[in-house]
Amino acid sequence: MSEQNYILELKDVVKTFGGVTALNGVSFQLKKGEIHALMGENGAGKSTFIKVITGVHQPDSGIMLLEGERIAPKSTIDSAKMGIAAIYQHVTAFPDLSVTENIFMGQEIKNKLGMYDWRQMHKRAKELIEPLSKEIDVTKPMGSLSVAAQQLVEIAKALSRDARILIMDEPTASLSTNECEELYAIAERLRNEGVSIILISHRFEDMYRLATRVTVFRDAQYIGCWDVDKISNQKLIGAMVGRELDQMYPEKTAKIGETVLKVEHISKEGYFKDISLEVKRGEILALTGLVGAGRTEVCQTIFGIMNPDSGTISLEGKQIQVKSPVEAFRHGIGLLPENRQTQGLVNELPIYQNVSSADMNHFAKAHMIDEKAEIQNAIDLCQRISLKAKDISAPPSSLSGGNQQKVVFAKLLSMPLKVLILDEPTKGIDVGAKYSIYEIMNELASNGYAIIMVSSEMPEVLGMADRIVVMKSGHVSGEFNNGEVSQEMLMAASLGEHRKEGSA
Amino acid sequence: MAGENKGTVRDLTVKDSFQLSKFLVKWEMMLVYILILINVILAVARPGLYFNIATIQSIIQSGLDLSPMVMGMVFILLLGDIDVSIASEMVLSGMVTGILCDKGMPVIVAVLAGILTGAVCGAFNGVLVGYVKMPAVIVTISTSMLFRGIVEIVLDVNSLKNFPAFYNAIGWKNIGILPICLILYAVITVIFYFILHRSTFGRQLYIVGNNPTTATYSGIRVERLKLIVFIIMGVMAGIGSIFFVGRMGGGLSSSMGTGYEMDVIAICVLGGVSTNGGKGKVYGPFIATFIMAFLLYTLGLVGVDANTRKIVTGIVLLIAVLIPNLNKQFLADIRGKFASK
Amino acid sequence: MKKIMGYRNIGLVFGLIGLMVLAAIITPSLFSFAALVSMLRNNAVYVFLAIGMMIVLVTGGIDLSVGSTLALSGVVCTSLMSTHMDVPAIVWVLLSLVIGIICGAFNGFVVGYLKVVPMIATLGTMYIYRGFAFLLSGGQWWFPHQISQPYQDWAAKSIVSVPAILWIAAIVFIAAAWFMGYRTSGRRIYAIGTNVESAQVAGIKEARVRFLAFVICGALAGLSGMLYTANYALCTYSIGDGYELQAIAICILGGVSITGGRGTVDGVLIGWLMMSFITQFISLLPGLSVWQHALQGVIIIVAVFINIAMTRSSEKRFLKERGALL
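Protein chains in written order, with our numbering: chain A, 1 to 504; chain B, 1 to 341; chain C, 1 to 326.
Rather than coming from a laboratory, the hints here were simulated on the basis of the structure. One thing to keep in mind: the hints can contain errors.
[Unchecked claim] Restricting the straight-line Cα-Cα distance to at most 30 angstroms, the calculated cross-link-like pairs of lysine-lysine (DSS-like) are:
1) Lys-390(A) x Lys-365(A)
2) Lys-140(A) x Lys-133(B)
3) Lys-273(A) x Lys-316(C)
4) Lys-126(A) x Lys-32(A)
5) Lys-126(A) x Lys-320(C)
6) Lys-11(A) x Lys-31(A)
7) Lys-205(C) x Lys-110(A)
8) Lys-323(A) x Lys-388(A)
9) Lys-418(A) x Lys-318(A)
10) Lys-279(B) x Lys-365(A)
11) Lys-252(A) x Lys-280(A)
12) Lys-230(A) x Lys-11(A)
13) Lys-205(C) x Lys-112(A)
14) Lys-115(C) x Lys-279(B)
15) Lys-26(B) x Lys-372(A)
16) Lys-51(A) x Lys-115(C)
17) Lys-320(C) x Lys-134(A)
18) Lys-323(A) x Lys-316(C)
19) Lys-81(A) x Lys-205(C)
20) Lys-323(A) x Lys-133(B)
21) Lys-273(A) x Lys-262(A)
This structure is a prediction, so every number in the text was calculated from the model and none was measured.
Sequences and hints are given; from them, build the entire structure.
Next comes the structure, spelled out in structure tokens:
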């Protein structure tokens, strides 16, 4: 096929952040007037890829061709001028401004006096929106619309700028079935009008309905490109998860005991519905699924950050109410939050004070802190998790990611806990340091902690967990014992292939 | 040489935090230098006055009438909040004491009732800011109108004259060579020092001020903490009314003390307390209180009147907030240059 | 009808009508044309301050120095006028604008370019401008006989039985509505306030917009200084003390969001009317005039409380919508 048929072509694009390679020699071809699906696990490099195309990031090497000509967009304004537009799942527009103004931001229609011609703009906005949806009032503020409607506005905005290439990032993730159908119709119409669409989606349904070709990324690399009607589900999942279990996992020695925490039928409007799970002494339960499936919210509910609308939580057979983290700690439930920078650490305070921030009663008498005892307490805890730090009176920001995470671990270990919930414990940590986090987890399990680990990484889940619960869009979509499940099966459950208890 | 290994095993250490070179350029030390500088200028410009102990006593007395509220404000600012209702709280507390004294209540009851009034006002702010989660600026702007409004309703154009005798002593008398208000301020500062730098409560304050999300995840009740801090602020405004009324010669009317909230905030900012929360020590504002007192008095001596001194207060405030900002930018620029090489 | 009900400030209008009905029942004397005009004239200075304040609030900032700017401009204009009686009065109007613009530009520079928190920056300049006002006045008072008639006319002269200051207020109101609604720079102010990051992505220069907002706010505060002295034929350095809080209060009543992004000129107008009615109505009730500040404080707290409750309920509705998808 000659290059002229491609509207957009990327060759050997490399992008690194610090030491982390986000795109490793990725290539991609988009034909004129096609809908091209892009698939891959969380962290496969899809979002970096979009950001390179839209000019948010500049690639370290590699070339981009737009209709055969080399381009290097420096910003989203640049790429918009070239006719490239992206529509994100979470729209980040101007919520207080009207739909019209959001559409025309930066290219307003003005009259001879340099005044905004609102009448004209509303009219144009209506013309742009009407084919997409009859229900959107263009004079309403953007923030008052549903997510689906906001996406349509973004599409209208892209069209008003004569976008030739439209990137849709998880467009159907928060849409109802009806809204999806409407979106499909719109996408097809745009394609027929000659717009080329890159569709990023975890839903097979989206891909089958719309795309003619599909490209798969895995671990920052290009895996392959297939015609949609010539590839099977199994083969596609294989391509996405075919990651080798190259990471070593420590041998698990903990003995599994009786059930400690039992969560039954908890629901929270807008986040998850009817979730039940249990975890035993010495057991590591993995909670997996795609980002946004409601895993973090379930953990936060058990920990008391959010309160469930219904359902019960019991600890060692006794039903408990957890209304706040304070109560969670009192019951013996601890949470290692997903984002250690914004939720786990105080970077302005020294490491030892971070370690002691959750429970100061160890070394405080009548609410006065005995600093010597505090430091000793912190040193003991840090040694337990073999923290590598030169000076524990330095701030945590002086440490590597893995050691920062250990500081948060040490904080949790300062209290007598029974259940530890670890939300993405190895996120953003380099490979070597991951191993020591796994060691800590195993040791804690051996010491009788019941552990719930949230993780998006299939190999990690399979390498560490005793049992695995998979969530999809707020529901449990599969529950497996480790050893009788494969990466492919987990991926299938995450994508919604399994509705009920999956048996191997 | 800097490392003193308090740990027993491996590589965990706590470095002795004292380093002379670092200590000398600390913000609080800068304040000390400024204070010394002002005194030197004063000594040179008006030697006759300066070596008179009575002058120094009166400088201190004139500048300390708002001092209790400075300490309360340190806590508020550490949370990243602000309280502009304190002058109104102070006047309201003073009014309650004054009325009870008029009614012939025992002094101790009247004084405690005044302080309690401050605490109630603080609690009102604290509930709205902590639990209802309204912005502190708005809440305290409204309550400053409300509290002063209550004073206006009750007092109208009248003034209260009947205050306990020790009020005057606090404003004007000395014990030995030390002004009473200085001794009391020192005691208050020591108490606040222990609360902020030695107690679990103070530690929680720093955690909440720097990162409220982490604080929640660490099991700190952020809402309750805010409520307590606003109550403490109210209590300090109540105590402040004693200092203030004493300094005013034992009289109180509804329009007194306007603008004190701004003076207090200015002293805190000058003392190195960041309005973004989480940064600041007790002794910075302590020193800054005296800087303001000496600065304003010095200006007064050289013939600058009270209102023009406001310009100096304003400029001092602006410079105090600008220095860390500029410093950061300056350092970043230098780093940028090295990196490009 | 639907269009009227869809008007975004409909709640405020109802609030205002409720207030007026209450006032009409309790103090019917308020509702003569002359009484209304005099009420509005007494509160006219706040319009300028409140509109300027709103523009700064929309960016997410705050300007505590407007009361001092008013005093500085009032003192400069009055003192110069009293010694140069023959200069046409329009010169003083222009001068007051220039003084205001300089004050506002300094605020804008410190906030926009030096990145100091608006609250603290303007707290500092509040002192500085007030101090300069004193310095330039020398503590002096100016009384009606020292203020020339043409100067006073700018506020007091009756045109179609409405005093000039209200006509100027109307012009400023229309100009502000036009600027905030129809000019690119005005719309940029909203864009910065509603989402700074998106605004930057869209190529809007944040510092410049903030600077502009403070300049406009300063200019209006400067103008209000000249008009204040003309309106009351009185001037000293302490005029306008605490007016910044009044201006903020009016904005909050008028539905301006303190966190930025939301606020309209017509909302501020309604807020101003409400505040004027409250003040006037209280002053007409015997023995109630001392209640003014306390009531205003309570009203603002209640207004913000309602505002927050409404935001929370719309968040809940949003979650429900999402829940339906699960």
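Structure-based check of each hint:
1. For a cut-off of 30 angstroms, the pair hint linking Lys-390(A) to Lys-365(A) stands: about 29 angstroms separates their Cα positions.
2. Our distance criterion of 30 angstroms between C-alpha atoms is met by Lys-140(A) and Lys-133(B), whose separation comes to about 27 angstroms.
3. Straight-line distance between C-alpha atoms of Lys-273(A) and Lys-316(C) comes to about 16 angstroms, which keeps the hinted pair within the 30 angstroms bound.
4. The suggested pairing of Lys-126(A) with Lys-32(A) holds, with an alpha-carbon distance near 28 angstroms, which does not exceed 30 angstroms.
5. The hinted pair formed by Lys-126(A) and Lys-320(C) meets the criterion: a straight-line CA distance of about 28 angstroms does not exceed 30 angstroms.
6. Distance restraint check for Lys-11(A) and Lys-31(A): the Cα-Cα separation of roughly 15 angstroms lies within the 30 angstroms cut-off, and the hinted pair is therefore satisfied.
7. A hinted pair counts as satisfied when its Cα atoms are at most 30 angstroms apart, and Lys-205(C) with Lys-110(A) qualifies at roughly 20 angstroms.
8. A threshold of 30 angstroms between alpha carbons decides the hint, and for Lys-323(A) with Lys-388(A) the separation of about 35 angstroms lies outside it, so the pair is violated.
9. For the proposed pair Lys-418(A) and Lys-318(A), the alpha carbon gap of about 14 angstroms is at most 30 angstroms, so the pair holds.
10. Taken as a hint, the Lys-279(B) and Lys-365(A) pair is honoured in the structure, with Cα atoms around 25 angstroms apart against an allowance of 30 angstroms.
11. The suggested pairing of Lys-252(A) with Lys-280(A) holds, with an alpha-carbon distance near 15 angstroms, which does not exceed 30 angstroms.
12. Taking the CA atoms of Lys-230(A) and Lys-11(A), the gap is near 24 angstroms; set against the 30 angstroms cutoff, the hint holds.
13. Of the supplied pair hints, the one linking Lys-205(C) and Lys-112(A) holds, its CA atoms being roughly 25 angstroms apart against a limit of 30 angstroms.
14. Annotation: proposed proximity of Lys-115(C) to Lys-279(B) holds, straight-line Cα distance about 18 angstroms (limit 30 angstroms).
15. Our distance criterion of 30 angstroms between C-alpha atoms is met by Lys-26(B) and Lys-372(A), whose separation comes to about 24 angstroms.
16. Of the supplied pair hints, the one linking Lys-51(A) and Lys-115(C) holds, its CA atoms being roughly 29 angstroms apart against a limit of 30 angstroms.
17. Restraint check for Lys-320(C) and Lys-134(A): the C-alpha separation of about 23 angstroms stays at or below 30 angstroms, so the hint holds.
18. In summary, the hint linking Lys-323(A) to Lys-316(C) is supported, as the alpha carbons are separated by about 19 angstroms, within the 30 angstroms threshold.
19. At roughly 19 angstroms between alpha-carbon atoms, Lys-81(A) and Lys-205(C) fall within 30 angstroms of each other, so this suggested pair holds.
20. For the given pair, Lys-323(A) sits about 18 angstroms from Lys-133(B) by alpha-carbon distance, which is consistent with the 30 angstroms threshold.
21. Taking the CA atoms of Lys-273(A) and Lys-262(A), the gap is near 16 angstroms; set against the 30 angstroms cutoff, the hint holds.
The structure does not agree with numbered hint 8 stated previously, though it agrees with all others.
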